[in-house]
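Novice: Chains as they are written, first to last, in my numbering: chain A, 24 to 148; chain B, 15 to 612.
Watch out, some of these pointers could steer you wrong.
Unchecked claim - Estimated spans, in silico, between C-beta atoms of each pair:
id : chain 1 : residue 1 : chain 2 : residue 2 : range
1  : A       : Gly-46    : B       : Arg-481   : 52 to 60 Å
2  : B       : Lys-128   : A       : Glu-122   : 54 to 62 Å
3  : B       : Lys-42    : A       : Lys-32    : 33 to 41 Å
4  : B       : Arg-389   : A       : Asp-106   : 31 to 39 Å
5  : A       : Gly-46    : B       : Pro-317   : 49 to 57 Å
6  : B       : Asp-286   : A       : His-109   : 35 to 43 Å
7  : B       : Ile-16    : A       : Lys-144   : 34 to 42 Å
8  : B       : Gly-282   : A       : Lys-32    : 17 to 25 Å
9  : A       : Lys-105   : B       : Phe-194   : 45 to 53 Å
10 : A       : Met-93    : B       : Ser-32    : 38 to 46 Å
11 : B       : Lys-42    : A       : Thr-116   : 29 to 37 Å
12 : B       : Ser-32    : A       : Glu-122   : 44 to 52 Å
Unchecked claim - Selected chain B positions facing chain A (in silico; Cβ < 10 Å):
id : residue
13 : Glu-93
14 : Ile-145
15 : Met-151
16 : Tyr-154
17 : Leu-157
18 : Gly-599
To be verified - Straight-line C-alpha distance at most 20 Å; calculated SDA-like pairs for lysine to any residue:
id : chain 1 : residue 1 : chain 2 : residue 2
19 : B       : Lys-276   : A       : Asp-29
20 : B       : Lys-97    : A       : Asp-29
21 : A       : Lys-25    : B       : Lys-97
Worth flagging that the hints you see were computed from the coordinates, not collected in a lab.
All C-beta atoms in this analysis are idealised placements derived from N, C-alpha and C, irrespective of residue type, glycine included.
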Amino acid sequence: MKSLEDLKKMREEALKKVEMREGGKDYRVVVGMATCGIAAGARPVLNRLVEETADKDYNCTVTQTGCIGMCVYEPIVEVYGKDGEHTTYVKVTPDMASEILSEHIGKGNIIEKYTVEEARKGAGE
Amino acid sequence: MIRTNVLTCAGTGCSASSSGEIFENFNKLLKEYGLEDEVKVVKTGCFGLCQKGPIVAVYPDKIFYSHVKPEDVERIVSEHLYKGRVVTDLELSDEDLETHEKILDIDKIKFYEKQQRIALRNCGKINPEDISEYVAMNGYEALGKVLSTMKPEDVIEVVKNSGLRGRGGAGFPTGLKWQFEANQPGDEKYVICNADEGDPGAFMDRSILEGDPHAIIEGMTIMAYAVGAHKGYIYIRAEYPIAVHRLEIAIQQAKEYGLLGKDIFGSGFDFDLEIRLGAGAFVCGEETALIASIEGKRGMPNPKPPFPAVSGVWGKPTSINNVETLANVAQILLNGAEWYSSIGTEKSKGTKVFALGGKIKNTGLVEIPMGTTLREIIYEIGGGCPNNKAFKAVQTGGPSGGCLTENELDTPIDYENLVQAGSMMGSGGMIVLDEDNCMVDVARFYMEFIVDESCGKCTPCRVGTKRLLEMLTKITKGQGTMELLEEMENLCHEIQDTALCGLGQTAPNPILSTLKSFKDEYLAHINDKRCPAHVCKDLLTFSINKDACKKCSACARQCPVEAISGVPGKEPFVIDQSKCIKCGGCMSACRFGAVERV
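Just chain A, with the same shape it has in the complex:
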């Protein structure tokens, strides 16, 4: 290490290790990971979310939660905004997860067709 520039490089690399302890992100992405979620395929969804968030540096943290109570719609991914408003995406696949990240977190656009409201309409509820 011979300059501030070297230190900066080292810090950027190291930040990945600790940034999840800092908080301060705009969005919180929560995956339902109870038995129902895991059985429906929530684990690959979670892994995709974690990897892409780190890769593309999305402004969100990814955490998991237990059963949300709508087991039939699992895997469920909920996106919480800074003001507490939240969107529930259902029957999420890894590819849908990537889309949620790029559209919702990246651009701020809610993908209506994946939300629980749409799914319910489709099911005639």
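Once you've looked at the hints, dock chain B against the given chain A.
Specialist: Below, chain B alone, put in the same frame as chain A:
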């Protein structure tokens, strides 16, 4: 890809409650659940809330678990980390005093809400054995900035303007201390970090070294650059094995990255650092004794002047700063003098770390801005005395300090105010005493410590404190007289005037400060042969009220010396005073409150 960090406390306190085993269980179980590539377990420094330890934190969920036992790990892994369900019964929580609602957000919990962490900023956040985590938290940036853009005199100017004062206790302005050494001629100069923390109950320096050792290395390197030194010593007691171990790792890592050694940051500045272990003598925290010990001599103080800034270790100019002082240095250089001096009171800037102990609910480590009141620390952060006992006093400043009472609780804490109130800042030990503490006994405890730790070089301290202890012991045994009390007070003042070093001069403080605020307790011992707090054994008598006695024999069975006799179910029990050792066993054994203590 790592999605979750599990932080386990690896400070001395939690390590003593098997946090090492907890760490291993996590690693083992994460493997069993196939989560080892998703969840990383990190050993970190003290979280501060030692009362609730061992503590485990899960990020990014920001969930804190308290009182975690090795066997709880399985539940945390299978429920929380695998299925996303928080294990609520282990969760650290607080109760809102008005609404009685459970508070789970760690930043809103009373213990943390009032704190402002500068010296402890990385403790409980980073892995102290990994330099890259320190760098991620802007570590070594201040050093880089100093070495590439600032002159030594600019550094001193910033530290002076920040208002930083020595956190070891006396509160000498740090910038001024550095200036004195910088002004000395010659190019062989030294810097020392005083990590010989010895006040009973104080552990802030240990926790900083255990939780954030690189902050001390960075602070010392900046100090060395400012004063023109190329060699530094960290003087630390051997009783702090975890801190020593982490320091060794940190120094090694800093050397590997070129942050210690030759030509740091390509600036041409060389600095090397060495650890010196002390054998654990209280007096070695005194700077001239500490220097003697580093030189391999017996740890005894020398008269000042010459001050260490002129003639310190090996007779060369030396600056000595306490651990906590140094932990502030990099932050000041990074954020500016104005930022630092905006925190605190007019004469005491920044924050102070206190080790809260004694009769208090939330034992632990707290860092508060100067100017916070004792009441806020003891009641709002510390949660007050447990078991609804009444608060009696708080001892600050260690053996050289004093006891403050209810009347002084609203005093905003700073160096001057504490001295004016009859105590001192000291290194930051804060021991809370409740109605069950006898103040004469407290004074005796500290005096015993001082007698043990007196180095013996000067007569007033060596002989004087021994005599003081004898007098105090007499009073606690009911053999005190008013003449003795007067004699004791006179001796106190003589020691203050004639002892060689700061420790000797302040040695009578435990007596003087308790006499000032609690003279009535001394008088009760002397005149009434009574200990109001029921602590001094020689002044206690246990007896059984024969009307209240249910003749159950519980007391007699509990008594270790068979001093209690009676016939179960028939005759009330009686204590034979000649055999009684006053252990109080019968009193706690009796379920009917028939045992009385006078």
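Novice: If any of the earlier hints don't hold here, list their numbers in rising order.
Specialist: Numbers 2, 6, 18, 20 and 21 - these are the hints that the structure violates, sorted from lowest upward.
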